[in-house]
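Using the sequences and the accompanying hints, generate a full structural model.
Number of protein chains: 2
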Amino acid sequence: MIRLKFIIALWLSFTAISSVTGEDGYALWLRYHKIENKTIRKKYASQIKSLVILNKGEVANTAAKELSKGLSSMLDTKVESQMSLGKGSGKIIVGTVENAAITQAINKNKTGEIKNEGYAIFSLDKNIYIAATDEKGLLYGAFHFLRTVHSGADISKLNLLENPKLKVRILNHWDNMDRTIERGYAGFSIFNWHQLPDYIDPRYEDYARANASIGINATVVTNVNANYLVFRPDYMDKFAALADIFRPYGIKLYLTARFSSPIELGGLKTADPLDPAVQQWWNEKTKEIYKRIPDFGGFLVKANSEGQPGPQEYNRTHADGANMLADAVAPFGGIVMWRAFVYSNEEPVDRAKQAYNEFVPLDGKFRKNVLVQVKNGPIDFQPREPIHPLFGAMPKTPVMMEFQITKEYLGQGTHLVGLSKMYEEVLKADTYVKGKGSLVAKVIDGSLDNQELTGMAGVANIGNERNWTSNLFAQADWYAFGRLAWDPYMESKTIFQEWAGLTFDNAEVQKTAILFLENSHEWCVKYMTPLGLHHIMAANHHYGPGPWVSRMSRADWTSVYYHKADSVAVGFDRSVTGTNALEQYSPEFAAQYASADKTDLKFLLWFHHVPWNQKLSTGKTLWEEMCEEYNRGVQGVSSMVTDWNKLKGKVDEERFQQVAMHLKIQEDEAKWWRDACLSYFKTFSRQAIPAHLPQPEHDLKYYQDLNYPYSPGIRPRW
Amino acid sequence: MIRLKFIIALWLSFTAISSVTGEDGYALWLRYHKIENKTIRKKYASQIKSLVILNKGEVANTAAKELSKGLSSMLDTKVESQMSLGKGSGKIIVGTVENAAITQAINKNKTGEIKNEGYAIFSLDKNIYIAATDEKGLLYGAFHFLRTVHSGADISKLNLLENPKLKVRILNHWDNMDRTIERGYAGFSIFNWHQLPDYIDPRYEDYARANASIGINATVVTNVNANYLVFRPDYMDKFAALADIFRPYGIKLYLTARFSSPIELGGLKTADPLDPAVQQWWNEKTKEIYKRIPDFGGFLVKANSEGQPGPQEYNRTHADGANMLADAVAPFGGIVMWRAFVYSNEEPVDRAKQAYNEFVPLDGKFRKNVLVQVKNGPIDFQPREPIHPLFGAMPKTPVMMEFQITKEYLGQGTHLVGLSKMYEEVLKADTYVKGKGSLVAKVIDGSLDNQELTGMAGVANIGNERNWTSNLFAQADWYAFGRLAWDPYMESKTIFQEWAGLTFDNAEVQKTAILFLENSHEWCVKYMTPLGLHHIMAANHHYGPGPWVSRMSRADWTSVYYHKADSVAVGFDRSVTGTNALEQYSPEFAAQYASADKTDLKFLLWFHHVPWNQKLSTGKTLWEEMCEEYNRGVQGVSSMVTDWNKLKGKVDEERFQQVAMHLKIQEDEAKWWRDACLSYFKTFSRQAIPAHLPQPEHDLKYYQDLNYPYSPGIRPRW
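Chains as they are written, first to last, in numbering that gives the first Met the number 0: chain A, 0 to 717; chain B, 0 to 717.
FYI, nobody ran anything at the bench for these hints, they're computed from the structure. Mixed in with the good hints, there may be bad ones.
[Said to hold, decoys possible] The calculated lysine to any residue pairs, modelled on SDA-like cross-linking and capped at a C-alpha distance of 20 Å, are:
| no. | chain 1 | residue 1 | chain 2 | residue 2 |
| --- | --- | --- | --- | --- |
| 1 | A | K663 | B | D236 |
| 2 | A | K663 | B | G618 |
| 3 | B | K33 | B | T76 |
| 4 | B | K670 | A | D233 |
| 5 | A | K670 | B | L195 |
| 6 | B | K663 | A | D233 |
| 7 | B | K670 | A | P196 |
| 8 | B | K597 | B | T578 |
| 9 | B | K663 | A | K663 |
| 10 | B | K663 | A | G85 |
| 11 | B | K68 | A | D651 |
| 12 | A | K433 | A | G445 |
| 13 | A | K663 | B | Y234 |
| 14 | B | K510 | B | A537 |
| 15 | B | K42 | B | G89 |
| 16 | B | K395 | B | D319 |
| 17 | A | K420 | A | K601 |
| 18 | A | K68 | B | L195 |
So this is what it looks like as structure tokens:
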């Protein structure tokens with residue numbers, strides 16, 4: 000409490016003023032502050048005298064508004080957009096190839112092929128062109144140009160071409176109709192369903208704008224654990240109102256489809272996808288949606304998983320279910336995203352193997368407008384997982400990535416854990432399915448198997464807290480997701496530089512922020528689940544450690560199912576001597592993990608059951624290394640606390656305090672994780688925690704008795 | 000939808016800029032904009048050259064910060080506070096009577112008695128004094144002075160003395176531990192229990208500041224449908240962190256006490272208030288709280304009501320229960336607020352009579368530090384109710400008022416309904432218990448029965464929407480509650496002028512806002528429950544009309560229980576020929592409503608069962624008058640829509656749109672109320688709606704079939 004009071008005292012000394020005028024994080028990475036360096040600002044002002052928008056559509060209009068607003072603010076001079084080209088230089092000329100002036104400039108500049116939604120930015124004859132094939136490209140180009148200006152870079156010799164590598168760059172909101180969010184840790188849903196469609200919260204547009212600025216072009220606004228009310232006319236009107244707000248930002252709206260809706264809402268006796276009446280119901284319902292939302296994107300479906308209804312109830316396959324919906328949306332250009340995150344009803348020997356077993360036999364059986372949406376790893380968004388075996392295993396099917404941006408298993412609303420490094424690790428992992436270099440990114444972007452339809456989904460971390468994401472640095476995860484969905488080959492480092500540069504003004508703060516984003520994921524893995532441990536969180540809400548969780552309605556929801564600790568060893572044997580989950584991967588991939596002694600330590604206990612006294616490559620025994628790893632994780636967090644506190648006065652006080660308070664929580668909780676997990680595993684290893692390391696403050700029972708019935712992100716229990 | 004699209008189009012034209020820079024309502028009535036009139040501003044600047052704060056406590060420090068901030072902003076010149084008096088004129092001198100300079104000035108000025116928390120503001124020798132007995136008085140005086148400056152009034156001859164008429168001026172938050180709010184319509188709880196005590200949302204301080212600015216000095220942050228977790232050590236730490244934030248703003252924290260906590264948390268077998276172990280448990284628990292929160296205010300209790308546990312389970316009385324808790328907090332100066340909103344377990348003939356029957360026999364049996372908290376009317380926060388019969392009926396017991404600020408029954412998050420007029424109607428109602436002039440306000444302020452302990456509670460309308468209250472005008476209800484808790488004799492008109500003046504800059508907008516606040520309550524009564532109708536809302540969530548509600552687990556939760564419509568008549572006979580609820584009032588009060596023909600039409604159907612064809616004083620039959628009244632309510636709302644739309648451009652666009660969109664919803668819903676209720680009552684009156692009035696768009700079944708399972712403000716049903 001002493002530390003807290005100190006923080007509060009500091010707080011009180013400034014909030015009287017800053018609470019109204021300070022930066023509360025709402026502006027995200029779109030702060031557009033005046034460029035402080037006068038030389039640079041003046042130079043820009045001389046290079047940007049006017050702004051010409053040659054297109055008239057609503058998306059081009061958004062690009063014009065954004066450029067005008069951003070440039071006016073950064074250059075501290077009014078930059079208004081005009082429609083006519085006129086003569087002279089010092090212009091930003093924005094237009095699609097439908098305009099002769101643009102085509103001529105492209106030809107003269109020898110710009111390469113600008114594809115759908117892509118753009119080129121180039122300097123020519125003392126003007127700067129933002130050129131695209133369609134208006135969405137103009138919008139993305141506008142945001143790119145604004146980033147460039149913000150960075151202070153030279154804009155006299157610009158020449159770049161950017162085409163998105165993925166088609167569907169989409170957020171998944173697990174937002175319920177009562178505004179609770181499943182696995183939401185930043186307050187409640189920004190979508191006020193009750194007051195829609197008649198009350199339009201300004202936040203809806205700010206949300207669309209933020210997404211557009213990082214290339215996100217789609218969103219699913221309802222939970223995958225879906226509600227049939229989605230299809231009631233009054234709710235469809237609500238969605239239409241949102242779609243109207245999103246459209247000028249180039250964002251398509253999608254909905255989740257509860258498979259049993261024809262029964263619950265339609266009054267049918269079945270939801271069998273091969274039943275003509277069921278098909279007819281979906282066809283009609285789809286028409287009703289498109290009548291309201293002409294550019295409706297399509298459906299996202301979770302079926303036959305965790306209690307959700309699905310085609311298997313009628314002895315049909317996932318393909319049968321997906322194809323029925325795909326046929327309904329196909330006439331309108333819609334698509335279906337069918338999730339591969341499935342549980343069989345019977346408890347499996349190894350849950351990691353289920354999705355592969357159910358989906359690989361269906362390869363080639365899906366309609367062309369179906370994407371199979373696969374989580375990055377085979378379990379469930381753990382701090383670290385090996386790649387999902389489905390990547391590369393369904394060459395005849397478009398497979399899209401599902402990342403979790405919300406930190407269900409990674410510190411939730413308070414921990415600073417940069418996820419971009421984790422995304423990068425997955426995207427750059429090699430499946431070896433077509434030999435070395437068969438990266439997951441190549442599966443996702445369609446290049447490996449020549450797929451046209453591609454996509455990446457991110458489970459949103461957005462709520463109605465003022466700064467959108469609770470932890471300020473979680474904004475970087477949203478940002479990174481958007482950038483990687485645009486280009487899955489992008490380096491995290493580049494993303495961090497962009498985000499830190501846009502979010503903070505001071506160079507030292509930027510540098511520290513990048514350091515945190517580079518390292519914090521690894522530290523989190525270490526203080527939660529080092530050496531390949533996984534799924535040892537507390538039950539249900541997944542807040543805090545729970546390696547002792549053993550009594551749940553199914554074994555594969557418990558922790559002991561996953562770590563399999565006993566007096567001799569710990570870890571899940573997924574090698575040939577165990578469940579042989581490795582057989583689902585390519586031989587080259589599997590070979591890396593076939594034996595414990597050759598397995599990268601970060602996946603050791605994921606693939607192997609390893610004796611506590613096994614000597615590892617580090618020279619320590621497994622037990623010793625586990626103790627060290629947990630402690631390294633805590634040390635990493637402590638270093639962030641120290642490093643951040645050095646920045647006081649170099650960042651606005653409100654955001655400084657936000658981050659400082661959350662880092663303190665993270666440090667306390669990292670110790671909690673370490674002490675609780677080691678106290679527990681010690682009962683199996685029957686060895687002391689090495690004396691040079693910090694010892695737990697409490698006994699095991701203390702940790703086991705802690706309970707948090709109102710942890711956020713779960714459906715409330717009444 | 001056409002109208003909506005029009006609004007959206009307007010919206011898009013400005014939000015790109017205003018979404019960041021516009022007024023979103025977060026600043027409430029504390030906007031402190033620069034005074035535009037240069038003459039006035041310059042004059043003030045010449046009169047306010049410096050600011051002297053003679054006290055050093057944390058509350059005085061808050062007053063200093065607030066004055067410095069507000070004056071600097073309004074006068075557009077830095078006004079910093081200093082501690083030393085110095086010489087010369089043009090000073091604002093702020094201090095308590097402990098300072099000789101203050102006492103001398105008070106004597107010279109012949110200021111009257113400044114009581115606890117009161118203040119005097121006066122001009123003397125070309126300085127302005129803000130003088131008080133304690134630091135809270137300084138803070139309230141500071142806010143008063145800032146209001147005066149904001150209004151542009153002459154400050155050269157100030158001479159005023161303000162003492163609060165009530166001691167406990169308190170908000171009641173019905174906020175649950177999962178951040179849902181029972182009867183909350185402005186988002187979710189601002190209190191992020193999960194991240195407390197370590198993460199301090201800046202909003203907590205802004206909340207305290209807003210309350211202090213209108214004289215509120217206390218708050219209960221947990222729901223009266225209480226949770227025993229309140230008393231778990233980790234939760235007590237969370238409350239302590241909030242109390243630390245609130246204290247410098249003169250706000251005491253209170254908690255709700257779940258009566259069965261000794262069983263649920265303490266492991267006892269009983270919660271019998273006469274059991275020594277139970278008493279011991281509460282005593283110890285209370286000590287634990289005061290250890291953390293030395294100025295803890297005490298407990299608010301809902302017992303033996305709507306399923307909540309209470310002393311009657313052990314055949315003890317409300318007094319037994321209250322006294323046990325009162326004894327626990329008495330050594331620390333704490334109090335207990337015991338709610339009189341009770342249901343007996345048996346279904347009563349008339350629910351309106353229950354509280355009186357249970358509490359009057361207990362008069363004189365409560366400890367001195369117990370307040371009995373009584374809702375304004377005998378049913379439950381209806382759009383209009385006669386006063387509660389308990390006012391004036393317990394002369395030996397301090398009785399405090401409970402108003403609802405959140406609009407459970409008055410349009411919830413979207414309708415513009417100024418509640419101040421309703422509060423005023425109640426406070427100025429005459430109980431006649433000690434002859435004419437025995438106003439409810441006199442019961443409440445203790446003057447009628449010579450009570451020392453006095454208070455007023457308001458069930459908060461605050462949530463985490465950015466503008467705090469969803470509907471912008473609902474801020475005025477929070478404001479009015481604070482002002483009336485300070486002075487229950489205050490005229491609504493004065494309150495409206497203050498609020499409108501602080502909230503809007505343009506005189507025409509202010510005038511229109513006052514017009515709305517003056518009339519909207521009456522309009523709401525007319526379009527929802529005219530002529531004394533009551534409790535005919537939809538079940539559970541109370542959103543929209545539900546006069547047909549007839550099947551609930553108890554009859555007194557249904558609508559038909561209250562309106563008693565049949566083919567001959569409608570209304571609840573509470574006269575001597577009926578339940579004789581009138582006998583609970585003084586004879587003079589009762590006489591006003593004894594016969595239907597003399598009863599004020601606004602309470603006609605509250606007290607009488609009146610034939611549809613009865614001719615009223617208006618010359619119309621009851622049925623005709625009902626039809627007219629419903630329509631007048633709609634017309635009132637339509638006039639607001641028209642009047643507000645004239646103000647476009649005269650108020651910032653963001654707040655203009657907020658209000659415009661909500662008014663449109665209100666107009667649609669007022670029609671819904673009218674058409675649904677008249678369609679229903681028509682089946683009893685068996686008469687047509689007069690032809691000159693608008694006819695319902697749909698048949699009765701349509702209205703009855705409407706359902707809104709996710710209406711906000713109720714516990715979610717899973």
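Inset, instruction - Verify the proposed pairing of B/K597 with B/T578, using a straight-line Cα cut of 20 Å. - result: holds (19 Å)
Legend entry - Pairwise hint evaluation, B/L195 against A/K68, where the allowed Cα distance is 20 Å at most: violated (38 Å)
Inset, instruction - Take the C-alpha atoms of B/K663 and A/D233, compute the straight-line distance between them, and say whether it is at most 20 Å. - result: holds (17 Å)
Legend entry - Satisfaction of hint between B/G618 and A/K663, Cα-Cα up to 20 Å: violated (73 Å)
Legend entry - Pair hint outcome, B/K663 versus A/K663 [Cα-Cα no greater than 20 Å]: Not OK: B/K663 and A/K663 at ~47 Å, beyond 20 Å, violated.
Legend entry - Agreement of B/K670 and A/P196 with the hint, judged by alpha carbon distance not exceeding 20 Å: holds (18 Å)
Legend entry - 20 Å Cα cutoff - pair A/K663, B/D236: holds (16 Å)
Inset, instruction - Compare the distance between the alpha carbons of B/K395 and B/D319 with 20 Å, and conclude whether the hinted pair is satisfied. - result: holds (16 Å)
Inset, instruction - Given the hint that B/K68 pairs with A/D651, test it: the Cα-Cα distance must not exceed 20 Å. - result: holds (18 Å)
Inset, instruction - Below or equal to 20 Å on CA atoms is what counts here, so check B/K663 against A/G85. - result: The hint is violated at about 44 Å.
Inset, instruction - For the pair supplied as a hint, B/K42 and B/G89, confirm whether the alpha-carbon distance does not exceed 20 Å. - result: holds (11 Å)
Inset, instruction - With a cut-off of 20 Å on the C-alpha distance, tell me whether A/K670 and B/L195 pass. - result: holds (18 Å)
In summary, the structure is inconsistent with hints 2, 9, 10, 14 and 18 from the numbered list given earlier, while agreeing with the others.
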